[in-house]
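Undergrad: So you can see what is in the structure, the chains are spelled out below.
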Amino acid sequence: MSMQEELKGLEQQAFESIKNATELNVLDAIRIEYLGKKGKLTQVLKGMRNLDASQRPIVGSLANDVRDKLTVQLEETKEKLEMKKMKEKITQEKIDITLPGKNIPRGYAHVITQIMEELEDLFIGMGYQVVEGPEVEADSYNFERMNLPKDHPARDMQDTFYITEETLMRTHTSPVQARTMDTHDFSKGPLKMISPGKVYRRDNDDATHSHQFHQIEGLVVDKNISMSDLKGTLEIFAKKMFGEEREIRLRPSYFPFTEPSVEVDVSCFRCGGKGCSVCKQTGWIEILGAGIVHPNVLEMSGIDSTEYSGFAFGMGPDRIAMLKYGIDDIRHFYQNDLRFLEQFKVRR
Amino acid sequence: MRVSYGWLNEYIDLSETNPEKLADKITLTGIETEDIIKIAKNAQNIVVGEVIEADEVEGSDHLKHTYVNIGKNEPSSIVCGAPNVAVGQKVIVALPEAQLANGIKIKESKIKGIESNGMICSLQEVGFSENVIPKKYAKGIYVFPEDVRIGVNVSEYLGLEDSILDLAITPNRADALSMRGVAYEVGAILDKKPQFKEVSVEETDSLIEDFVSVSVEADEDVPFYSMRVIENLTVNESPIWLQNKLMLAGIRPLDLVVDVTNYIMLEYGQPLHAFDYDKIDAKTLKVRRAQQSEKMVTLDEVERTLTTQDLVITNGEKPIALAGVMGGFDSHITRKTTTVALESALFNPSLIRKTAQKLNLRSESSSRFEKGINEGTSIEALNKAAHLIADLGNGDIVTGVAAVDNRIAKENSVAISLSRINRSLGTDLTIKEVEHVMDKLAFPYEKKEETLTISVPSRRWDITIPADLLEEVARIYGYNNIPSTLPSGESIPGELSQGQKMVRRTQTFMEEQGFSQAITYALTTPAKAKEFTWIKGEAVSVQWPMSEERQTLRMNLITGLLETLQYNLSRRNTEVAFYEIGNIFIKGEKELPRQEKHLAGAVTGSLVAKNWITHDPEVDYYTIKGIIEKLLESIGISDSIEFELEETIQTLHPGQTARLTMNNDIIGLIGRVHPIKEREHDLSETFVFELNLDALVKAKKQENVFDIIPKYPGTSRDIALLVDESITHAQIEKVINKAGGDWLANVRLFDLYQGSSIPKGKKSLAYTLDYLNPQSTLVEEDVNNDFDRVKEQLIEQLNVEIR
Ligand SMILES: [Zn+2]
Numbered sequence: 002m003s004m005q006e007e008l009k010g011l012e013q014q015a016f017e018s019i020k021n022a023t024e025l026n027v028l029d030a031i032r033i034e035y036l037g038k039k040g041k042l043t044q045v046l047k048g049m050r051n052l053d054a055s056q057r058p059i060v061g062s063l064a065n066d067v068r069d070k071l072t073v074q075l076e077e078t079k080e081k082l083e084m085k086k087m088k089e090k091i092t093q094e095k096i097d098i099t100l101p102g103k104n105i106p107r108g109y110a111h112v113i114t115q116i117m118e119e120l121e122d123l124f125i126g127m128g129y130q131v132v133e134g135p136e137v138e139a140d141s142y143n144f145e146r147m148n149l150p151k152d153h154p155a156r157d158m159q160d161t162f163y164i165t166e167e168t169l170m171r172t173h174t175s176p177v178q179a180r181t182m183d184t185h186d187f188s189k190g191p192l193k194m195i196s197p198g199k200v201y202r203r204d205n206d207d208a209t210h211s212h213q214f215h216q217i218e219g220l221v222v223d224k225n226i227s228m229s230d231l232k233g234t235l236e237i238f239a240k241k242m243f244g245e246e247r248e249i250r251l252r253p254s255y256f257p258f259t260e261p262s263v264e265v266d267v268s269c270f271r272c273g274g275k276g277c278s279v280c281k282q283t284g285w286i287e288i289l290g291a292g293i294v295h296p297n298v299l300e301m302s303g304i305d306s307t308e309y310s311g312f313a314f315g316m317g318p319d320r321i322a323m324l325k326y327g328i329d330d331i332r333h334f335y336q337n338d339l340r341f342l343e344q345f346k347v348r349r
Numbered sequence: 078m079r080v081s082y083g084w085l086n087e088y089i090d091l092s093e094t095n096p097e098k099l100a101d102k103i104t105l106t107g108i109e110t111e112d113i114i115k116i117a118k119n120a121q122n123i124v125v126g127e128v129i130e131a132d133e134v135e136g137s138d139h140l141k142h143t144y145v146n147i148g149k150n151e152p153s154s155i156v157c158g159a160p161n162v163a164v165g166q167k168v169i170v171a172l173p174e175a176q177l178a179n180g181i182k183i184k185e186s187k188i189k190g191i192e193s194n195g196m197i198c199s200l201q202e203v204g205f206s207e208n209v210i211p212k213k214y215a216k217g218i219y220v221f222p223e224d225v226r227i228g229v230n231v232s233e234y235l236g237l238e239d240s241i242l243d244l245a246i247t248p249n250r251a252d253a254l255s256m257r258g259v260a261y262e263v264g265a266i267l268d269k270k271p272q273f274k275e276v277s278v279e280e281t282d283s284l285i286e287d288f289v290s291v292s293v294e295a296d297e298d299v300p301f302y303s304m305r306v307i308e309n310l311t312v313n314e315s316p317i318w319l320q321n322k323l324m325l326a327g328i329r330p331l332d333l334v335v336d337v338t339n340y341i342m343l344e345y346g347q348p349l350h351a352f353d354y355d356k357i358d359a360k361t362l363k364v365r366r367a368q369q370s371e372k373m374v375t376l377d378e379v380e381r382t383l384t385t386q387d388l389v390i391t392n393g394e395k396p397i398a399l400a401g402v403m404g405g406f407d408s409h410i411t412r413k414t415t416t417v418a419l420e421s422a423l424f425n426p427s428l429i430r431k432t433a434q435k436l437n438l439r440s441e442s443s444s445r446f447e448k449g450i451n452e453g454t455s456i457e458a459l460n461k462a463a464h465l466i467a468d469l470g471n472g473d474i475v476t477g478v479a480a481v482d483n484r485i486a487k488e489n490s491v492a493i494s495l496s497r498i499n500r501s502l503g504t505d506l507t508i509k510e511v512e513h514v515m516d517k518l519a520f521p522y523e524k525k526e527e528t529l530t531i532s533v534p535s536r537r538w539d540i541t542i543p544a545d546l547l548e549e550v551a552r553i554y555g556y557n558n559i560p561s562t563l564p565s566g567e568s569i570p571g572e573l574s575q576g577q578k579m580v581r582r583t584q585t586f587m588e589e590q591g592f593s594q595a596i597t598y599a600l601t602t603p604a605k606a607k608e609f610t611w612i613k614g615e616a617v618s619v620q621w622p623m624s625e626e627r628q629t630l631r632m633n634l635i636t637g638l639l640e641t642l643q644y645n646l647s648r649r650n651t652e653v654a655f656y657e658i659g660n661i662f663i664k665g666e667k668e669l670p671r672q673e674k675h676l677a678g679a680v681t682g683s684l685v686a687k688n689w690i691t692h693d694p695e696v697d698y699y700t701i702k703g704i705i706e707k708l709l710e711s712i713g714i715s716d717s718i719e720f721e722l723e724e725t726i727q728t729l730h731p732g733q734t735a736r737l738t739m740n741n742d743i744i745g746l747i748g749r750v751h752p753i754k755e756r757e758h759d760l761s762e763t764f765v766f767e768l769n770l771d772a773l774v775k776a777k778k779q780e781n782v783f784d785i786i787p788k789y790p791g792t793s794r795d796i797a798l799l800v801d802e803s804i805t806h807a808q809i810e811k812v813i814n815k816a817g818g819d820w821l822a823n824v825r826l827f828d829l830y831q832g833s834s835i836p837k838g839k840k841s842l843a844y845t846l847d848y849l850n851p852q853s854t855l856v857e858e859d860v861n862n863d864f865d866r867v868k869e870q871l872i873e874q875l876n877v878e879i880r
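Chains A and B are the protein sequences, given in the same order. End of the first sequence = 349 in the numbering used here, gap-free, step of one. End of the second sequence = 880 in the numbering used here, gap-free, step of one.
If we strip away everything but chain A, and leave its shape as in the complex, we get (with noise of 0.2 Å):
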């Protein structure tokens, strides 16, 4: 038999031994069978050193084909079990995509606090600083600045939660405004600025009555402030916060720290201004009460009220929520029952 005979008599060995090969490492021992270091190839080639030295080339070009077309076979082969192994693999690690995903801590931002939020970044965005002040008030801050000296009818001395003659607990965060105005500085432009935070009544807590709430007031102070730029600003507040299609009314009504006074209104939205229990068959629901501060309460904090002028605005947070959504009683906000926090997960 010639050599070449034997090469052609081993690559069909080998070759039908790939064929019939349906495990990796059956292949790899066909390899090394054939092709290794001490395989049968190698074998057959160490034989040559006997050929003519015309007949190397031609024996040696037939082997390194033989390797070739070997190596080749075993790379494919091998490609396909590897594919006929994984697509068994796959089958097996099928899962139940429907059972629940792995349980991440989540906690949630109170109702007030996401009203709040909201309610600040609108007036940011419009060019509003947001100024926090001590919770714990002076009289004078409180009452006085605010134009209701001390025997003034409006101030109930009932209402208020005193600590001393001169400190109470704030009654609303209007004092915040005064005494930013004392030190602002308006060479360096406009005062624009919202005060939100807790507030203090001696109230019996009830479904509509808490002894502690939140407030947040506004103020801007320039030269020139009207009240058609406090209707304009509320305006835009009622949308935002109530929706596009909103429309406000102003209503006169009396504040001391401000003349004139309006109470202001939202049509309603829940029936769209055409009556129902909501906005108690009126179509509009009281939101906030504003008006152009009261001079004495400019002039109070140094400010020339024939040069300047400003609006103001309050309104309260639990109210909003509880309108917005509905919320029956005010006790809940304080309660913090998880079932009524979580009821609010979903942050705008």
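It should be emphasised that the hints constitute simulated quantities derived from the structure, not laboratory data. Please note that the accuracy of each hint is not assured.
Below are the SDA-like pairs computed for lysine to any residue, each with C-alpha atoms no more than 20 Å apart in a straight line [as the list claims (entries may be wrong)]:
(1) B:Lys102 x A:Arg250
(2) B:Lys578 x A:Arg250
(3) A:Lys281 x B:Pro96
Given the structure of chain A, go ahead and fit chain B with the ligand onto it with the hints provided.
TA: Just chain B with the ligand now, kept in the frame of chain A:
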């Protein structure tokens, strides 16, 4: 203020409007109409009838069989159960189809075999509330006076279908606490002039000087005091028109004199007081402050002890009335009174307010004195009342008025320019339009170029400055007509302060760790206020708390959160973890207490529910510590924060609590609630923390700086140590760090063991030490040397055994 639409129509023509429309207009121009009240929704088939027969019904001890003339050919047969029904009475008859206030519809029926074609009614049954019904008719049917016409609908006399506008009067609009004031307001709204009849007083030959003279001790307490006397009077019931006006306004009729004073108060807003002249027992009255502890019996037969802050009318000796608040019992009007001394006065509002408040005697009259009174009509009101009393009670008005007038005559004029109006309102009004507003309000004015000087009538004492006139223009011109603009001045960007941003980030962080946000009450008990805190100092309490539970301002937030945990667990809520950001308060040196913003958290059990994949372990000290460490890392404070064992806070576990210090200042606490406290709150193991957020905001922060990402790999060495139980991780870490050498980048504890396989009183800790040289590849030998030094130092300083 309850305003009868019918009464208002006497002053101003309302034929072109209706109650609903008018109420809307009043609301939008200045005074909120809270409600439109009708005594009866439907008064049809309720007529005046005369009882012409009333016989006992056989077999009944209370029913009567009556025949009632209702103006028809045949009288109606009606069975009536009222004890006071009698022949000759003119009564309210509800005929078949009539609807009563309680909703019951009258039907023809038979009672005890007798036809009953209607019902004889009480005032309650047709819709009046019990507190306005004359005492005489409080129980049983109502009986009309003689002069009513039979067969007509009772509404003609009782105003059942009148609309009563319930106005909510703000403190600045006390002028509308009178029908005349409301008439002027409605006149301005409808652009119509109200009409009032002239008041005339016919006087007799008797002279006031012979009856009474008045004096006032302090001018500032009593700006005006006046008195008239009416003699030869018969005090009876007042006529039905007068009674009905009071009832519709919510006042119970009493007798002619009292009814007239109330009627005049409603018409003018001027409270009056009537004395039985013969019981005053003196001819000189003096208005003065009460003496300390002086006593008097008021109308309601209660003995009052007065102070020098109360103003009294005296007969020269003793008080006969509490000025503006309540009359005295001794001189009150009775049916036997024949001579009346009638007072119309102005008192210092704040004195009246304090007395009424102190004695809890707020009334229609005291509240008007508090809020102010039209000084221009005090005498007119007195005259009209005297006239009515004399007229209706057949009395004679004595000539003259006894009076003290301390008022300083002042012309109230306020000027405003057109440009000021347009600048302040953002409008584009013409001077003509402004003049029209003043005309509607019936305000006299003078015009000089484009400035109006308004002579404010005494009925609008609330108007004193130009801003008050702006309000009048805005509301009468109409807020709806004012344009919408935005402030046009310079604009500066708005943004949250660093502290506010940090608060928001902290909220999000805590929520992502599984904590829900709570908002609890700042007021608590004195004991709870001072729990769970490192802060030394006094708590702040309110003077007049509403309850013991809410009297002292909190000095910590943890207590509130524990109550929140307890509240939720008792409602079977699980995985409860809460945080709160809020202020705490400490009594300070200055006027106001020190206020600090804190963050606190509390958790019991585990942070997530048991899950099919993992059974998350219960929270422990290290869970909370890890959360706080991550939070502090994200805030990036430059100074190091130390955790030191805290054993002294009573409410916290002495072995599982750490105080956090920064530059030797305590800035917070982490730890387990003391088991005694846990039991008190019905809680299992509960972990809490509280941090001073203000301190974290103020602390110096690290800057983010970009460093080259190391090109060379680092290496690490592990070490296991056996040490005495009492040695802390912090001690070991400190030694390692100190001896670590230049390339030690990080030390990480990866195992802690205490148990049977190691000697008692010992524990085993294992650390990984990471080494890195950012400049070049580490030399194996250098690292080995550094690592050996660490071992040596651990053995030397802490007597550890390397394993
Ligand atoms: Zn509605």
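Undergrad: Now tell me, hint by hint, if it's right for this structure.
TA: Checked hints:
no.	hint	result
1	B:Lys102 x A:Arg250	13 Å, holds
2	B:Lys578 x A:Arg250	34 Å, violated
3	A:Lys281 x B:Pro96	18 Å, holds
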